[in-house]
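Asker: Here are the chains, one letter per residue:
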Amino acid sequence: MKKSSIIGIVIIAIAIGVIISTYADSSTYGSFAEAKVSKTDLHIVGQLNKQKELVYNPQVDANYFAFYMRDKKGTECRVVFSGSKPQDFERSEEIVLTGKMVGDEFHASKILMKCPSKYNKDKVEVQAVPATASLNR
Amino acid sequence: MEIQFAGEHLLPGKLGQFFIILSFGTALLSAVSYYFATIKDTRDDSWKRIARFSTRLNLAAVVGVGVCLFYIIYNHLFEYHYAWAHSSRSLPVYYIVSCFWEGQEGSFWLWMFWQGVLANILIRKAKSWENSVMTIVMLSQVFLGSMLLGVEILGSRIGSSPFILLRNAVEGPIFSRPDYLTMIQDGNGLNPLLQNYWMVIHPPTLFLGFASMIVPFAYAIAGLWEKRYKEWPSTALPWALFAVMILGGGVIMGSFWAYEALNFGGFWAWDPVENASIIPWLTLIAAVHVILAYKSSGHSYFTATFLVLISFVLVLYASFLTRSGILGETSVHAFTDLGMFGQLVIYLVFFTLLAVVLLAVRWKELPITQKDEETYSREFWLFIGALILTVSCIQVIATTSIPVFNAAFGTKVAPPTDVIQHYNKWQVPFAVVVALISGFSQFLKYRNTDARRFYKALGVSILAAAVVTAGFVLLTGVYTNLMYIVLTFAAIFSIVCNAQILAEALKGKWKLAGSSVAHIGFALLLAGALVAAAKNKVVSVNSSGVIPVADFAKADKPGDNLMLYQNEPVRMEGFTITYLSDTTIGPNTFYKINYKQQEAGTGKIKEEFNLYPNAQQNPKMGLVASPDTKHYFTYDIYTHITAAPQLAQPGPEAMSHGDAGDEGHAADENYDKPSVHEVSAGDTVPISNGYILVKGMNRSATIAKIPLAKGDVAVALQLEVVSGGKSYPAEPLFLIKGGNKFDFAKVLENPALKLRFSNIYPQKNKLELMVYERPPAPKKWVVMKAIRFPYINLFWGGTIIMVAGLLLSIFRRSKEIKTV
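Going line by line, the protein sequences match chains A and B. For the first sequence, the numbering used here gives the first residue as -9, with consecutive numbering after it. For the second sequence, the numbering used here gives the first residue as 402, with consecutive numbering after it.
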């Protein structure tokens, strides 16, 4: 057999190993209900409950941020993140959390949010301005 | 009935749209003409002349599109969606260029522009390759041109035009009013994170890199098409090196921008968008090496062709990933879908099929050798190195593409929870192997090498590298992890080996310098990335000052964010840091953070500097922070603000939010309940931080603008306020005018006092003084995070050296071609 064929086989084996590892390392999207059962970290997609309070008091603890999120199944849970409040958090449309359940709270190690303001800005902000302002244009 | 809208400037948009159509049409004409020029064996070169003319016109049209778009953004013509969505009036002029590439349309334009420039260079340089190569380049230009068209054909919209009007792009009741423009005062503005000088230069570099990937691809396709199998690799080599240099530089510039302007606290995060840009880079750098192997030995022909072809296909795949919105849940940086999902897929599939079909048709004729490479030959190890790079690329693609698999197969797999650890686990071993091969293959000759001499040279280098590694590992402290030591050794070994080649190059074999310089640069980059990533340390560890509150479950690890009150020094990791003050310049607030390093015994100040991290209280995006970094030769101290109190801002936004700090109206209510005192000269009245001394009365006081008639009395109470060791004079006034009593209070800012001389009791010979005290303003604070990055300069320096080495190689390889 040619040497390069042997190498080719080895390389393909490594590539398969890589792909298997990707899926071994990969996590799942779940809900808060599943997180209660699961022991490992998982991702939860949901929405911030804007009615309930966001707790971030840097004067008390600069590394404690808590809020309530509703997952896609509608379950609501208190989420705790040990870090500062991400920028523009209140405006987030959708949140992807990574972490696990500790007691009745979900402890997030990572928060990823999608904000409407950044890349998708199709909301016109209208300001009532007296007609004279049009002269400035 | 058509509404006549007032105040719109429709000409620049119409002109721009005309240029878009023109650029699409000329690209198509040029591609078709070049195609016929290639396949028709005509004597006159009429097809070629048409093709050249339309290629030049195409570039002119693309520039025209850019000029129109710039005019619209520069003049704040918010009737256009693009200007409204990506700029605002307050934006400094030099960032207007950044608005161009905040949107997808602008970044497509940038790509088209560079591709057009390269096409015009190829007209001059390609010589006998012009017809076939340019057919492919202009075909790609057709696809890019279609992305900007924004016209409806058969009910589906093709492309997205940057010249679409706001009233057509967005629905809203105001657009039924003819004067709707008067109600839109300002645009949405540029994302503050893009308001950075690196954002002016990083995207053009990156897109030049992407655009230049078409050239080696076009040469490969042309070589297969015209059956010039053996010629194309050497001709494409300088172009491939150019693409590697520019794209590599562009990617690292992006990494530098992330480090300097973003606050994710690092220079590389394995974010899908970052990955998308290095995927094609990895395969193209592999391609460059196997092209060299093929040139010198005739081996690896198929690998070279395949890698060149796949590199451009991966550029298209990367564009698909970042622009189709498919990364939605895994990356914050990706664009959202503009309705071009299908178009991007067609672009990708078309060029993939072109390559696959051509390879299949020509397969039997390809000059593939059946001989086996010698183990002690350079071509063999170039081939192995290229394969390792390819596997490393496959790993990045596999994980980055998880959302694509989900979309294709309806699965719901989430990316790894610890992404960085996942990538490093694979990429560090790959980097080790690549660095080792780039070292020892320097001692190998093409075809065959004397094994004894090879092992001798190798032994010496290993020994030298081992000694240097030991020193370096101790110095940087990366000895905690075996893999770190191995990678450090591999990088240093590569430097040692290539330095020997460089030494020979300096003796006169100049030709060799390029590759050895590039390899040294790459090895330095690896070592720098390793140390900075492995040993960076959060120095703002919040170990004290946490007050346990019932509701606050204590986090397991001490947090990374540190609370700083103004003028209250905090010690961390050998530094004493103090938040001194803040200044607001334009939209940004700069926080002055003082760092002091003291000698352990004496307390003498060894080192002192100020950092000015800034935060923008963006009305649309909340707090947007940019870090500031103190650069030392061997490490950086990086600081950024993670939280700050809302500032009271002048201007309509802050007012309408009704923030508590709004001084104007609320000032009166901020005072505590007044204390009333009946005093006479010589008395003292205590206040919270001192006292007020009543000195006497000024009976002949006058009040500006109020003339005193007969019988009117104006009296001033002469007071001295002593607070905090300083004294301040104050004279509140009392007035009887026309039988009515008035008083004019005296307001002091510091100490915050309002003093009223409110009455006179002549019987008691007493004067009434009312003292209003304002409680001291809450202490100013910021929450910040500081990270120490050791040896990060190796990373940046390595990049610069690598780019320089690639540049030398381009010169060498382009001199070697003798194209006819």
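Honestly, the hints are just simulated from the structure, not real lab data. Incorrect hints may appear among the rest.
Under the rule of at most 30 angstroms between Cα atoms (straight-line distance), these lysine-lysine pairs were calculated in the BS3-like manner [stated by the list, open to error]:
(1) 846(B) with -7(A)
(2) 40(A) with 100(A)
(3) 1181(B) with 938(B)
(4) 846(B) with 104(A)
(5) 846(B) with 441(B)
(6) -7(A) with 1180(B)
(7) -7(A) with 772(B)
(8) -8(A) with 857(B)
(9) 631(B) with 90(A)
(10) 1127(B) with 1111(B)
(11) 1181(B) with 29(A)
(12) 1138(B) with 1111(B)
(13) -7(A) with 857(B)
(14) -8(A) with 1138(B)
(15) -7(A) with 631(B)
(16) 1180(B) with 1147(B)
(17) 1155(B) with -8(A)
Asker: For a C-alpha distance cap of 30 angstroms, please report whether residue 846(B) and residue 441(B) respect it.
Answerer: Violated. Residue 846(B) to residue 441(B) sits at ~44 angstroms, over the 30 angstroms cutoff.
Asker: Please verify whether residue 846(B) and residue -7(A) have alpha carbons no more than 30 angstroms apart.
Answerer: holds, 19 angstroms
Asker: Please work out if residue 40(A) and residue 100(A) have their alpha carbons no farther apart than 30 angstroms.
Answerer: holds, 20 angstroms
Asker: For residue -7(A) and residue 1180(B), compute the direct alpha-carbon distance and say whether it is at most 30 angstroms.
Answerer: violated, 73 angstroms
Asker: Would you mind confirming whether the straight-line C-alpha gap from residue 1155(B) to residue -8(A) stays at or under 30 angstroms?
Answerer: Not satisfied, since the Cα-Cα distance of roughly 95 angstroms exceeds 30 angstroms.
Asker: Taking 30 angstroms as the top limit, are the C-alpha atoms of residue -8(A) and residue 1138(B) close enough?
Answerer: violated, 114 angstroms
Asker: Holds or violated: residue -7(A) with residue 631(B), Cα cutoff 30 angstroms?
Answerer: holds, 24 angstroms
Asker: Between the alpha carbons of residue 1181(B) and residue 938(B), is the straight-line distance 30 angstroms or under?
Answerer: Distance ~27 angstroms between residue 1181(B) and residue 938(B) Cα, so the pair holds.
Asker: Given the proposed pairing of residue 1127(B) with residue 1111(B), does the C-alpha separation stay at or below 30 angstroms?
Answerer: violated, 40 angstroms
Asker: Is the hinted pair residue -7(A) and residue 857(B) satisfied, with a Cα-Cα distance of at most 30 angstroms?
Answerer: With Cα atoms ~25 angstroms apart, residue -7(A) and residue 857(B) stay inside 30 angstroms; holds.
Asker: For the pair supplied as a hint, residue 1180(B) and residue 1147(B), is the alpha-carbon distance within the 30 angstroms limit?
Answerer: holds, 25 angstroms
Asker: Could you grab the alpha-carbon distance between residue 846(B) and residue 104(A) and see if it respects the 30 angstroms cut-off?
Answerer: Violated, at about 54 angstroms.
Consistency with the previously given hints fails for numbers 4, 5, 6, 9, 10, 11, 14, 17, ordered from lowest to highest.
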